[in-house]
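Asks: Could you put the whole structure together from the sequences, leaning on the hints where they help?
Here the protein sequences come in this chain order: S and W.
Under UniProt numbering, read the first sequence as residues 1 to 250, first letter to last.
Under UniProt numbering, read the second sequence as residues 1 to 235, first letter to last.
Wrong hints could be hidden among the right ones.
Distance condition first, Cα-Cα at most 27 Å in a straight line; then the derived DSSO-like pairs of lysine-lysine [unchecked claim]:
1. K34(W) / K21(S)
2. K156(W) / K135(S)
3. K124(W) / K221(W)
4. K7(S) / K21(S)
5. K86(W) / K75(W)
6. K136(W) / K176(W)
7. K136(W) / K86(W)
8. K176(W) / K135(S)
9. K129(W) / K221(W)
10. K75(W) / K156(W)
11. K75(W) / K136(W)
12. K156(W) / K136(S)
13. K136(S) / K176(W)
14. K124(W) / K86(W)
Here chain S is said to cover these stretches of chain W; the calculated rule only asks that three of the stretch's residues, wherever they fall, bring their Cβ under 8 Å from a Cβ of chain S [as the list claims (entries may be wrong)]:
15. 31-38
16. 52-59
17. 171-179
Hint data in this document are derived by calculation from the structure and do not stem from the laboratory.
For glycine and all other residues, C-beta sits at the position ideal for the given N, C-alpha and C.
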Amino acid sequence: MSLTHRKTSEVVRQQFWFKLKSNVAVFTVLFALQILLSVLMTGPSSTSGMGSANLELNWSTYTNDGIITMTLFWSLAIGFLMTTSGQRNASYLYVASPGIENMANFLFFGAASVIAGVTAILSGSIMKVILLLTKKEQFVSDSANLLVSPVDFFTQLAAMISYSFLLMILVYTAMLFVQMNRLLILPIILLVYLNTRITSFEFFGATGNILSFFYGESSLWLFTIKVTAAVALLMVLSVIPSKRIEVRQA
Amino acid sequence: MTLFTAILPVFVVLLMLLTVWGIQRTIRNRFSRKTHFILMGAYMILLVAAFVAAEVIGHTKEMNHPPLSSAHQEKVDVEDAILAGKPVPEEELITERIHSVDGQLSLYHPGSDYDSIFYIERSKGNEKKVIERIYKPELTTGRDDFPSYDLSDYVKVNLPEWSESEMIFPDQPNQKLSFSSYYDSIVLNQFSRNEDSDTHVGSTIRYLIVHLIIPESIVLKNQMSPDYYIEVTRN
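Replies: Laid out in C-alpha cells, this is it:
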C-alpha cells in the first residue's frame, strides 16, 4: 500500500467540504432572496369581507407560500448548477472516480437541503414578527408553533428538507443525462411539460396523480418511504451518465 | 390553450435557473468567502432571533385568539330549538331577564334593518311577568367541513329597552371587525391539511334572537313589521 493511498471516505469528505466552501455564494443568494420575499410578502395573500346591515367583517390572510416556492426553485437551480462544467472541472483538484464525485455531490445536496429547509421554515418567523408588530387589528396565527404544536413544526421541517433534496437530485440526474446526450433535453422538457398538464396517469390499471404521489401523501412514514425510494432510484440512475462524463476514468 | 400558456412552465423553470446562476456568479466574484460567511452568520442570528420573538409573541397573543371550533362540530340550531320547545345551550344566551308589565305591552322595532328576529310565545297563566331571553348573534368564519373561528363574542349588541308597558328594540351598533391571520404554506401542511387550512374561507352570520314569553293575560300590541317576528305556538 502506498503512503499516498487515501480512503474513499476521506476523498469524499474532502470533496464535500470543498464543494460547500466553493459554493458558499449560492447560500448567500438563497438568504438574500428569503429576506427580500419576507419583506415583500407582508401584504395579504388574500382578503375576504362580508357585511350585514350593521356589521362588516374583513379578514386578511398572510402566508409564506412565496418563500417556500422560491426555496424549491432554488433547490432546482442547485441541482442544475452542480452539473455545470465549472463544477466538474473543480473536481480535477482531487483524484476522484465518478462514484466519489457523485457521493460528494449527494452529500452537498443533503447539506444544502437541510440549510434550505431550516431557513425557509424559520424565515416565516420574520414575516410573523413584522405582522405581529405592524398589524393593529386582531392577529390570528394558524402556524405550527414549536411551543404549541412541536410535531407539526418538525413534520413541516422534514417535508421541506425532503422536497428540496428530491428536487436537487432529480434535476442533477436529469442534467447528467442531458450532458451525456444533448438530445435527451427534448424528452425531459416534454416530461416537465406533461407533468404540469396531465393530472392523472394509469399504471397497471391503477389511476393515480403524478403530483399526489408525493404531495397527496398524508402519512409521514409513507412519504418518507416514497422519497427514500425515489432518491435511491435517482442515485442509481445518476451513475449511468456520470461514467460517460467522469473526471477521471477509474 | 395558447402557445404561451403551453410553454410557460418550462420558461419559468429556465428563467429561475438563469437567475440563480447569474446572481451566484456575480456575487461570488464581488465578495470574499469571509464576507459570505459573515453574511450567512448574521442571517442565521436574525432567523433565530425572529423565531424566538415569533414564538414568544405568538404564544402570548394566542391566548386572545377567537375560539376555533373543529370540523363537523354539532351545533344546536337556536331557532329550531325555540320552535320545538327544546332547551338551548347556555353559551348561546346573552341574558335572560324578567320584566313586570302592567297588563298591556307594546312592542316597537323602529329600525328598518334586518338585524334581529323575535320569537313571541304566549304562555298560559295570569302572571304579569314577561320572560325575555336574548341569544347572541352568531358570526363564524370557515366552511362547515373545516375548522372555523367563532367570532360571535366580538359582535356588540344593544339590548331592548323596557318600561312597564312597552319594549323598544333599538338600532344595533354599527361595527367593523378586522382580523389578520397567518398560515403556513399549503405545501408544508400535507400531514395536517384537514385540520388547519381554510379556517378563514367563507363566513356565516345569524341575527340576534329575542325570545319573549308573554302570559296570555297581558294584552299585546305588537307594532313590529311581520318580517321581524315569528309567533311560537305550543300545543
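Asks: Between K176(W) and K135(S), is the straight-line Cα distance small enough, at 27 Å or below?
Replies: holds, 16 Å
Asks: Hinted pair, alpha-carbon criterion (27 Å max): K136(W), K176(W). Please report holds or violated.
Replies: holds, 17 Å
Asks: Is the coverage entry for the region 52-59 of chain W by chain S consistent with the three-residue Cβ rule at 8 Å?
Replies: holds (count 6)
Asks: When you check the alpha-carbon spacing of K124(W) and K86(W), does it fall within 27 Å?
Replies: Judged against 27 Å, a Cα distance of about 18 Å means the pair holds.
Asks: Okay, the region 31-38 of chain W and chain S, do three or more residues pass the C-beta test at under 8 Å?
Replies: holds (count 4)
Asks: Decide if the proposed pair is consistent with the structure: K124(W) and K221(W), CA atoms, cutoff 27 Å inclusive.
Replies: holds, 18 Å
Asks: Hinted pair, alpha-carbon criterion (27 Å max): K156(W), K136(S). Please report holds or violated.
Replies: At roughly 19 Å apart (the allowed maximum being 27 Å), K136(S) and K156(W) satisfy the hint.
Asks: For a C-alpha distance cap of 27 Å, please report whether K136(W) and K86(W) respect it.
Replies: With Cα atoms ~17 Å apart, K136(W) and K86(W) stay inside 27 Å; holds.
Asks: Going straight from one Cα to the other, do K156(W) and K135(S) come out at no more than 27 Å?
Replies: holds, 22 Å
Asks: Hinted pair, alpha-carbon criterion (27 Å max): K86(W), K75(W). Please report holds or violated.
Replies: holds, 14 Å
Asks: Check whether the Cα positions of K136(S) and K176(W) lie no farther apart than 27 Å.
Replies: holds, 14 Å
Asks: Below or equal to 27 Å on CA atoms is what counts here, so check K7(S) against K21(S).
Replies: Judged against 27 Å, a Cα distance of about 22 Å means the pair holds.
Comparing the model with each earlier hint shows no violations; every hint is respected.
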